[in-house]
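Novice: Here the protein sequences line up with chains V and E, keeping their order.
Residue numbers for the first sequence follow the UniProt record's numbering, beginning at 1 and rising by one.
Residue numbers for the second sequence follow the UniProt record's numbering, beginning at 1 and rising by one.
Hints may contain errors.
[What the hints assert, rightly or not] Heads up, simulated DSS-like pairs for lysine-lysine below, C-alpha to C-alpha not over 25 Å straight-line:
| # | chain 1 | residue 1 | chain 2 | residue 2 |
| --- | --- | --- | --- | --- |
| 1 | E | K34 | E | K107 |
| 2 | V | K58 | E | K2 |
| 3 | E | K2 | V | K278 |
| 4 | E | K9 | E | K107 |
| 5 | E | K9 | V | K278 |
| 6 | E | K90 | E | K9 |
| 7 | E | K107 | E | K90 |
| 8 | E | K2 | V | K59 |
| 9 | E | K2 | E | K34 |
| 10 | V | K58 | E | K40 |
Rather than coming from a laboratory, the hints here were simulated on the basis of the structure.
It should be emphasised that the depicted structure is a prediction, and the values quoted were computed from it without experimental measurement.
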Amino acid sequence: MKKLFSALAGALIATPALAQDAPKIDGADTSFMIVATALVLMMTLPGLALFYSGMVRKKNVLATMAQSLIATAVVSLLWIAIAYSLVFSGDGPVIGDTARVLLSGVGIDTVSPLAKRIPEILFMAYQMTFAVITCALVGGSVAERMKFSAFIVFSVVWLFIVYVPSAHWVWGGGFLQKMGLLDFAGGTVVHINAGVAGLVCALVMGNRVGFGRENLSPFDVSLAVVGTGLLWVGWFGFNGGSALGANSRAVFAIVATHLAACSGALVWSGLEWLERGKPSVLGVISGAVAGLGTITPASGYVLPWHGVVIGLIAGGVCYWFCTVAKHKFNYDDTLDVFGVHGVGGIMGTLMAGVFATRAITASDSDPGVAGLLEGDAHQFVVQAIGVGVTIGWCVIGTLISLKIVSLFTSLRVTGDDEREGLDIALHGEALHHQ
Amino acid sequence: MKIITAIIKPFKLDEVRDALLAVDVHGMTTTEVKGYGRQKGHAEIYRGAEYIVSFLPKLQIEIATTDDRVEGVVAAIRKAACTGHIGDGKIFITPLESAIRIRTGEKDEEAL
């Protein structure tokens, strides 16, 4: 086994060496990243839209899909206009610069210093799909009660107050990256931010009418199953693509990702089987998504079997948060954005510091990163600091964002509109007229 | 004349229909209904949230028939709709005062 991994490390050393000599756009890397970009966009549309809308009540299905749709439209335009530049241009400790505003300077042959083998426009588009899904994820915690207009304004404000600085800190040369924080594909930037923001939104907006008393059962779990399938496959682009090229690291990330999803699904449904006597389909898909979210930050730093362990832990801990903690503390995170993504992102980021493996992370210019398992506690401390900073800023930034939104419009629909359902009240449409 | 109202499990409809054809009953009306008896619904659990679904989907069939055929019809429905498990349904028999065929104006037993 050891021989195999040293051979792999050797292969990994060769790739960045080429990139450092002369930035040259590579056809294989470019084609892989085009596919990865499409896969990540597919995660939001239709993946997340189906996953989420299958879990809400029939009267809120279209409104829930509308959140994913509008997040895609709004965030994509803002990303290209300003956000990309603020995240990935310049290397200030807190925020980037405006050199790439409205894609100025992005030409046919320019490359980003962060991804030297693919066109910069592709790197920009790939990162855009991450910003899109992060904002869309937040919508799950406030589904069935947030106003559509409020969600649009929130997406705009929150993108700039929380996502943009956070992504710059972790990926764009900011202080967390300089400190050495590992977040391969967005455990902190995407999942912790979306989960924590979701929890803050749910707490600020209050529980849905009838939460804990009335039947709020899902409209159609089969839609959520289809959505999960699209998310699962899309995650190959999410985590594999974060290697930014068609290389062994991408494949290792994909394999660890798949294994984590499998073990997460088995643990969650197994726990249900033990506790309730029946494994629910919703439990299988919840466990899979928990595994996927949790492996994300670690996916490019760990060995395949680490993915299995991370998925096992994810399935158990996220299960507890979604089925016990939420009811015990009586908060209404509609679709468990915090319980699945937030908790998964936090655990995954910490576990990157446990399982990081030199054989995977080393290159000729970098001796690689070792986690606790290889005897280095330093990386774990860095990961913990990253988690703390991200949670702290996300709580503050989300509260500020909600305050700003409330200056323009109320956050929540009226009680009557909530009872009637958001599809009719907000969109004038409904499923299945009879 | 009597009207026989039976509440049955929806998936038993075809068997009931065949059984009724066998005893020469050629007309019935069905309605999708929801309700519960001793079965008292079932529990559904979604991520730890438990919901009791009291009103289960059932089919209601109505058959108008002559007094002398009531026993045969009831027996046919019972035999075909029975699974032996709780929730198989019920049969109600009520007097029917009159019946009229809209097309011809025939009345009562001639109209059945």
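Novice: Decide if the proposed pair is consistent with the structure: K90(E) and K9(E), CA atoms, cutoff 25 Å inclusive.
Specialist: 10 Å, holds
Novice: Taking 25 Å as the top limit, are the C-alpha atoms of K2(E) and K34(E) close enough?
Specialist: Distance ~24 Å between K2(E) and K34(E) Cα, so the pair holds.
Novice: Between K2(E) and K59(V), does the CA-CA distance stay at or below 25 Å?
Specialist: 42 Å, violated
Novice: Assess, step by step, whether the Cα of K9(E) is no farther than 25 Å from the Cα of K278(V), and give holds or violated.
Specialist: Holds, because 24 Å separates the two Cα atoms, which is no more than 25 Å.
Novice: Hint check: K58(V) vs K2(E), CA-CA at most 25 Å. Holds or violated?
Specialist: Distance ~41 Å between K58(V) and K2(E) Cα, so the pair is violated.
Novice: Compare the distance between the alpha carbons of K2(E) and K278(V) with 25 Å, and conclude whether the hinted pair is satisfied.
Specialist: Not satisfied, since the Cα-Cα distance of roughly 45 Å exceeds 25 Å.
Novice: When you check the alpha-carbon spacing of K58(V) and K40(E), does it fall within 25 Å?
Specialist: Judged against 25 Å, a Cα distance of about 24 Å means the pair holds.
Novice: Does K90(E) lie within 25 Å of K107(E) when you go C-alpha to C-alpha?
Specialist: The given pair, whose Cα atoms are some 29 Å apart, is violated under the 25 Å limit.
Novice: Starting from K34(E), check that the Cα of K107(E) is at most 25 Å away, please.
Specialist: 33 Å, violated
Novice: Compare the distance between the alpha carbons of K9(E) and K107(E) with 25 Å, and conclude whether the hinted pair is satisfied.
Specialist: Since the Cα atoms of K9(E) and K107(E) sit roughly 33 Å apart, the hinted pair is violated (cutoff 25 Å).
Hint violations for this structure: numbers 1, 2, 3, 4, 7, 8, all remaining hints satisfied.
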